[in-house]
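Engineer: Given the coordinates of chain S, assemble chain X onto it according to the supplied hints.
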Amino acid sequence: MKIPIKEYILLLSKYLKPYRKKVIILMLLLVVSVGLQLINPQIVRYFIDAAKGGAAGIYLTGAALAFIGISLVQQLFAIASTYISQDVGWSSTNALREDLLKHCIALDMSFHKSKQPGELLERLDGDVSSLFNFFSKLMFNLINNLALLFGTLIILFIEDWRVGLGLSAFALTAIIVLIRIQPVAVKHWTKERETNAKFYGFIGENISCAEDIRSSGAFHSTMHKFYDYLRKWYPIQRNAVIMGYAMWISVVIIFALGNIVAFGIGGYLWLKGIVTIGTVYLIFYYTELLNRPIEQIRFQLQDLQVAGASIARVKELFAMNSKLKDGSDILQCNGPISMCINNLYFEYEKDVPVLNDISLELQPGKVLGLLGRTGSGKTTLARLVVRLFDPESGEIYIDNKLLSSIQIKYLREHIAYVTQDVQLFNATIRQNLTLFNEHISDEAIINAIGEIGLRDWIASLPEGLDTKLDSSGGGLSAGEAQLLAFVRVFLRNPSLIILDEASSKLDPITEQLVEKAIDKLLENRTCIIIAHRISTVKRADTILILEDGKIAEQGERTALAEDKTSRFSQLLAKGIEEVLV
Amino acid sequence: MTQKVGKKKPLYLIWRIIIYTPFLYLVDVIAWTLIHTSPLIPGLLAKKFFDMLSGTSDIQSGLWGLLILVAVTALARAGLIYTGARIDILFRFKESSLIRRNLLETLMKRPGALPTKASTGEILNSFRDDARQIEDSVDWIIDVIGTLIFAIVAVVILISIDAKITLFVFTPLVAVIAMANKASSRIEENRRASRKASAEVNGIAGEMFNSVQAVKILGAEDHIINQFQKLNNKRHKLMLRDTLFTQLLESIYQNTMSLGTGLILLLAAQSMRAGSFSVGDFAVFVYYLAFVTDFTQFYGRYIAHYQQTCVAFQRMSDLMEETPIEKLVEHNRLYMKGEPPRVETSEKIKEDEFSSLVVKNLTYEYSDKGGGISDISFYIKKNTFTVICGKIGSGKTTLLRTLLGLLPAQSGEIIWNGKKILEPSEFFVYPRSAYTSQVPHLLSDTVKDNILLGISRSDVDIDKAIYSAVLEKDISTFESGLETMVGPRGVKLSGGQVQRVAAARMFARDAELLVFDDISSALDIETESILWDRIFSENNKTCLVVSNRKTALQHADHIILLNNGRIEAQGELKELLKSCEGIRQIWG
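Chains as they are written, first to last, in the working numbering: chain S, 1 to 581; chain X, 1001 to 1588.
Derived by calculation from the structure, the hints in this document are not laboratory data.
Treat the numbers as computed from the prediction; the structure is a model and nothing was measured.
Please note: incorrect hints may appear among the correct ones.
Some chain X residues near chain S, calculated using beta-carbon distances under 7 Å [unchecked claim]: (1) A1074; (2) G1206; (3) N1232; (4) S1251; (5) A1269; (6) L1334; (7) K1492; (8) S1494.
The beta carbon of each residue, even a glycine, is placed where N, CA and C say it ideally should be.
With the rest of the complex left out, here is chain X:
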C-alpha cells in the first residue's frame, strides 16, 4: 500500500522545492558562491607575502599595502556573509514551512478515523526532524556549488604554478569520493536503524505524557520507565554504531588534508632545493588544499546526507499513505506577509438541500483485526430520525465513519439526492452534514472557538446551539463564560461536558443532516432526557444516530439493527419488537 520513494525521486522533489522560490534560490546561490570563493584572495596574498620575503623588491612599502589588502578582503567577506545569511534564512524557512504545510494538510485530509500507523510522537518527529533534514539537503546544494567553484578556480591557479604536483596531490581526493560513495549504503542502513530507535523512545514517552492520568492510576510508572530504559539502551547502541561509522569516514576526509600536505612536501623537495618552487608557492598550495578538501569532504557528506534525506522522504511518504509523495512539495502559498484570506464556509445552495440519502452495499473491513461492516443498505428520508443500534462491536461506529468518509469504503455506493457521492469525506461536511463522534476531542482554545471551529460567529446562532446541547448551565458556571479556555492551558471539562461541547459544535452547524454517535454515553439520566427532548422538539431536522437508548428507539422513524457488521433487521420499532429477537434484547 505504501509507495517506495527510492533514490532518484528525492532529486526531483528537491528540484520542485528549489523552483518554489526560484529567484530567491538564485540570489542565494550567487551570494554563497561569492562567499565560498572569497578565500581565494587571502591565499594569493599569503603567496605574495612569502615571495616578497624571498624576492628583492621594496619589502617595507609592499608589506604595508599587503596588510591593508588583507583587512579590506576580510571586511568585504563579512558584508557578503551578512547579506547571504539574510537570504538563506528566508529561503530555508520557506522551504521547510512548505513541506510542513503540505504534510499537515495531507494528514488532516486523510480519512480521520483511520488509525495512523505512527504515534503522535513519531509524527511530530517527522514534522521536526525529517523536514529539517530535507531543508538541509536543498540548502546544502548551494554550498556544494560554492565550494566546487572555489575548488575549480583554485586547481586552475595551482596548475599554473606546478601542474605535476597539483596532479599528484589531488588524485587521492578522487579516491576518497569513490570510497564515500561505496560506504554510503552502510550509512543509510545505520541511520535508518538509529532513527527508528529514536522514534520508539519518543513514542513511549509520548504515550506516557498522553495518558499520564491512566499511568498514575494504574501504578504503571515503574514499568513504563523500565520500558523507556530498554528502548534508550537500544538507541544508545545503534546511535553509537551510526556515529562511529560516520566519524570513520570523516576521519578519512580529514586525513586527505594532512596526506596532501605531506605529498606536497615529498614532491616539492627537489624543486624547492633547486629554487623553482618558492616558499610562497608552498604556502598557497597548503592554503588552498584546506579549502579544496573542504569541497571533497562536503561532497562526501552531502552524499551521505542525501541517503538520509531519502530515508526522511520515505518516512514522510509512509505517513502520507496513499497520497503521492509529490504532494509534499506542491507549490502552495504560505501567507508569510499578511493574513490569508478567510475561507468562508460555503453558503448553503439549493442543491445541498436534503431530500434523500441512499446507501447501497456499503462495505468496510478492517484489514488486520477483523470486524467492520459489509453489505449495508438503507434509505433516509427528509426530516426523519434514524437510529442505528446493535451489540457492542457490531459495527455501528464503523458504519457512521464509513458513510462520512472518515474510513475509506471498500465497496458500495452513497447516493445523496439521487446523485452518487464519489468523495464522501469531501462531501459530508458543513453545510451538508455535521457529526459528533463517540469520544470527541477538543482543542486548547476557548469554548466558543471549539464550538465554532472554523465557521464565523455571524453565521451561527451560538446560544441556540448551546441550548440544544444542554450546555447553558455549565457555561454560566465558567469564569469567562464562552471565552473560557479549555484543554491543557485552561479548565478541565468532564467527559459529559466535552461530549456536549461537541454536540453544540454540531448543532451550531445547522446542517442538513445531523450524525451523532452515542451522544449520551457520558451523560447522566436527567441531562440525557433533556437533551433528547430538545433534539425531538425540532421537527425539521434529519438525524442519523447511533444509540441503544430506549428514548432514541421510541422516537425513531426508522431503526437499523446491526449484528456482526451486517444488517440483521430494519424498520419501525413496533414491527421489529414483534419480529426481531435482537431488538427485544436491546429493548430489555
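If we strip away everything but chain S, and leave its shape as in the complex, we get:
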C-alpha cells in the first residue's frame, strides 16, 4: 500500500504544532475511552457465568448497572474528543487554506491564465476539505481504533493463547487484504476528482458567459457539451465508487471469517472443558468488538486515499514556483521616478515575439504616450512594467534600479496600472475601492471620490459606501466602473502611473471630468498613457508607436507632430480628418 506517510507527517507536524496541548488532551481522552470499552465485555462474561451459577440477584443487577454506567461515561468522552478534534481540524486546515491562497496569489500570471478559477477553488476548498477529515477525525480515530485492536488482542492472549493466536491471525489477514485493495482505489479516485474539477470549471465558465451564450443562441450547444461531460464522467465515477464497495464486500467476508474462527475455537475449548460458556461469549463479544475497528479502519483508509489524492494535489500546487523571483531592494520615493527600458524582448508562446527589442527612457515627471493597433504589444509592455511577467531578455529600470531586484510589494505600492477592463468584486463599494484594506478611512474615500466628481453619485445610493456591487458590476455602466478605478488610484500615492485606454469608454462630458482628474493625478508623477485615440495623448511629452511588437516610431511629441512624414502626424491627420468631414 502506498500511503505517502512521510508527506502526511510533514503536513501534520507543521499545522498541528500550535495545538500541541489540545492534541495531548485528546490522546488522554482516547486512552481512557479505549480502556472503558475493553472492560465492558468482562462484565458481560461475569454476568453470564454468575447467572448460570445461580448467583444472587443483587450481583447480577449490579453488573448490569455497571455496564450501563461505563457506557454513559464512555459517550461523554466521545463527545469531548469529537469537539476537540474538530476544533483542531478547523484551526489547522484554515491555516492551510490561508497558506495555499497566499501561495496562489503569489504565483505569476502565466500560472493563473492556465487555470480556471473554478478549478483552483476546487483545490482550495474541495481538496482542503477532504484534508479536514484527515485532520479532525481520521488521525484520532485511526489511533483510537488501533489501540482498541491491540488492547483486545492482548486481552484475548491473556484469556487463552489459542484464542489470542487465532484472532490475531484473523485480524492480520483482514488488514492485509484491505490494504491490498487500497492503491487501486486511489488511482480511480484521483481520476474522478480531476474529471469533477473540469466539470465544475465548465459549469462556472458557462454561467459567467450566460449573456453571450444566450444572445448567440448557443444554449443548445452548451447543453450538448454538458451531456458530453456526463457521458465521460459516469464510467469514471462508477469505477471509483465501486472500489469503495469492494472494500465493504471484503469486510463482509472477513467478518464471517472472524465469526468462524471465534465459533470454532470457542466451541473447541468448551468441548475440551477448558472454558466456561461465559468465556465463549466473551470471545464472541471481543470478536465483534474487533470488527468495529477493522471496519472503521476500512472507512478511514478510504478517507486516507481521498486525503492522499488531495495531499498530492495540494503539494503539487505548493511545489509550483512563481517564475518571478521577488527582489530584495526597497523602493522609496516621494515624487516622480524615472523609468528606462533596454532592448526588451518578450513572448507568451515560444518563438512568437510580442515585444521585440524595445528601448525607451522616461524622465521623472514626464508623460509617455504609447500608441499602436490592437495586439501591437502595448498592454504587454504595461504588464512587464508592473512585473506581471518577466521579459525573455532586456532590462527595465525604475528609479535606476533593476525592476527584478525590487521587492514586488514596493512596486505595487509605487506603480499604479489602470487596465482596460475594470475588475469589480462582489462586495461593497467601500471594499471595491479600498480592496478590503480596512485602514483607509471613510473620509479619505469620500475625498478621493470627490476629486473624481462622483460625490453626488455616491450620495444618491441608498446605502452609500455600503452599497453592494454584484459580481457582474450590474447596474454600473462601464464608465462608472472606470471612474471607480480612478478612485482606487487616488487612494494610493503612486509615483508612476500607467493608464491603459482609461478614457476610451467615457462619453465626452464625463471625459472632461476625468481629464481634469487626470491633470491632478499627473502632477508630480511619471506617466505612461496607452491610448488608441489621439486626443488622449495630447498630454504626452514623448510618443512611442508600436507595431507588431516593434518600435515603429519614437520621439518628442511636438517634433513628431511637426514632421509631416512621421507616422504620428499621419495619425494626427486622420484624427483631424474625422473632425473635419
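Structural biologist: What follows is chain X alone, placed relative to chain S:
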C-alpha cells in the same frame, strides 16, 4: 420575489426524482432491502451456536455445518452488495445529473444580463454540494426502507423469544426518535449558518481567482487574505457549533445500544438464572439490537438530513429566482448512451424576414441602485442604421438589454413585423437577431468554436464574418489559426481581439437584425475605421448600435439620444445638430 420552498414541497420533489427512473429505483430498493435484511441470518446462527453449547445434541458435526452456513451466508451477501452497488451508482448519477442539468438550463435561460444574486463560487457550491445533498436524500430512503424491514422482522423474532424483554428494551428507542424530531429544527438553523459561512469563504476566494490580475496590480493581496482569514474564522466557529450539536444527537443514538444491552442484562437476570432465557437468546438479542438501533440512528439522521435537504432546495430555488422549483426535477433526457441529437439552428423562414420593429413605452428600472430606462419608444425600418447615443449612465446598454430580453422589461411593448413579442429573450436570437455586448466573454475553446458558438460551420461563411470583424490579420498570426485555443488553457487575447471575436460571432450569424453595444470601445483608431467601413459597405443589414462615435453618427439613418433613461431627442443627425444641445455636446 423568491419562493419559499418549505418543509413539505421537498417530499414532492423527491418523489418526482424517484419516478424519473421508476424501474431502476424499484430494483435498487429490492436489492438493498435484501442487503439490509441479510444480517438476520448470522444472528440466528449465533443463537444456534450458543444453544448448541448449552444443549445435548451432537455438537461436533453440528458445529461444522454451522461454520459452513456462516461462510455461505457471507458469500451470498457479498454478491448482493456488488449487484446493489452497480444499480445504486447508476441511479445516483442519473438523479443528481438531472438536477444539475435542470439547474444549468434554468440559469442559462434566465435574463442573461440580470446580475445573479450569488457569486460564481456560490453557484458552483449549489451545483456540487446541494445537488449531492438531494442525491443522498433520495437515495437514503432506500436504506431507511431496508433497515426498517430488517427491524420489523428482527423485532418479530425477538418477541417470539421473549415479548416482555423486547418491549422494555425497545421502548427507549421510540423516545430517541421523538427527541431527534424535536432537536431537528436546531440542526437546520445551525446548518444554514455554517453553509452560508462556507459560501462566503468560497465567494471571496472565487472573486480573488477571478480577478487575480487586478488583485496583483492593485497590491491587494494582504487585504484579501485578511478578509479570507476573517471569514474562515467565522466558518470555524459556526461549523464547530453545527458538528457539536450533531455529535450530541449521534451520541444519544449510540448510547441506546449500550443502554439496550444493559437493560437486557437487567431484565434477563431472573429468567437466565431460571434457565428460561438461554445464552443463545441473549446473543441474538444483543446481535439484533445493534442493527435495530442502526435503523433508529439512520432514521434520526435521515430526519436531520432532510432538514438540510430543505435548505439545499431553498438555496437552489433562490438561484432559480422566478422559475418554479418544480423545474429542478423536470424529467428530461440525459443522453448518457450515445450523442444527443444536434439541435439545428432554425432555418430562416419567411416570417422571420425583417420588415419593421416598433418599441413602445419600454421601461426597466433597477430596483436597488436606481437608474434604468423608462418610457422608451422608437421605430426601426428595414436596412437602416440606428444609433443610440447619450452620456455615460444614460441607459444605452440597459435599453439594448431590455429590448433583447436580457433584462425583463417592466412594461412596454415590442412589436416585430406587426406582431407583439411576448418573450423577447426567446425571440431575439439567431436567425432573427445577433448581439455583441460591450464587454463580451469568450469560452475556453477554439477561436472557431467561439465564433460559431453552437451553429454548424456549413451554415456560415466564417471567412466573411472574420473579414467583417477585421480579425483576419490577428488570426493569421495565431499558431493554429482558427483552431487556436483561447482562454485559460490557450492564448491570451487582448481586449480588442476579444471584442472583434465577439463581433465575428455576430456577423457569422447573418441575422436579420444586428445589435451591438459600443463595439469599438477597445479598438484603436485604424482598426475602428476599417471596422466601420466594412460594416457600412453592406447595405442590406439592419443595425441597432450603441455608440457615441462620430463615424457611427454620420452614417446613422436614425439617432436616439438618451438622457437619464429617457429619450431626449431622436431623428436625423442634421436636424438634431440644429435643434439639440445634447447631440452637439456628443458631436464635440
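Engineer: Next, verify each hint and record whether it holds.
Structural biologist: Verification of the supplied hints:
Interface hint at A1074/X: satisfied, since its Cβ lies 3 Å from the closest Cβ of chain S, which is below the 7 Å cut-off. Residue-level restraint check for G1206/X holds (minimum Cβ-Cβ distance to chain S is 5 Å; threshold 7 Å). With its C-beta approaching chain S no nearer than about 4 Å, N1232/X sits inside the 7 Å limit, and its interface hint holds. Interface restraint check: S1251/X against chain S, minimum CB-CB distance 5 Å, threshold 7 Å, status holds.
With 7 Å as the threshold, the beta carbon of A1269/X comes within range of chain S, its nearest partner Cβ sitting at about 4 Å, so the hint holds. Proximity of L1334/X to chain S holds as hinted, the smallest CB-CB distance being about 6 Å (cut-off 7 Å). Contact between K1492/X and chain S, as hinted, is supported at the beta carbon level, the nearest pair being about 6 Å apart and thus within 7 Å. The beta carbon of S1494/X comes within 5 Å of a beta carbon in chain S, closer than 7 Å, and the hint placing it at the interface holds.
Taken one by one, the earlier hints all hold for this structure without exception.
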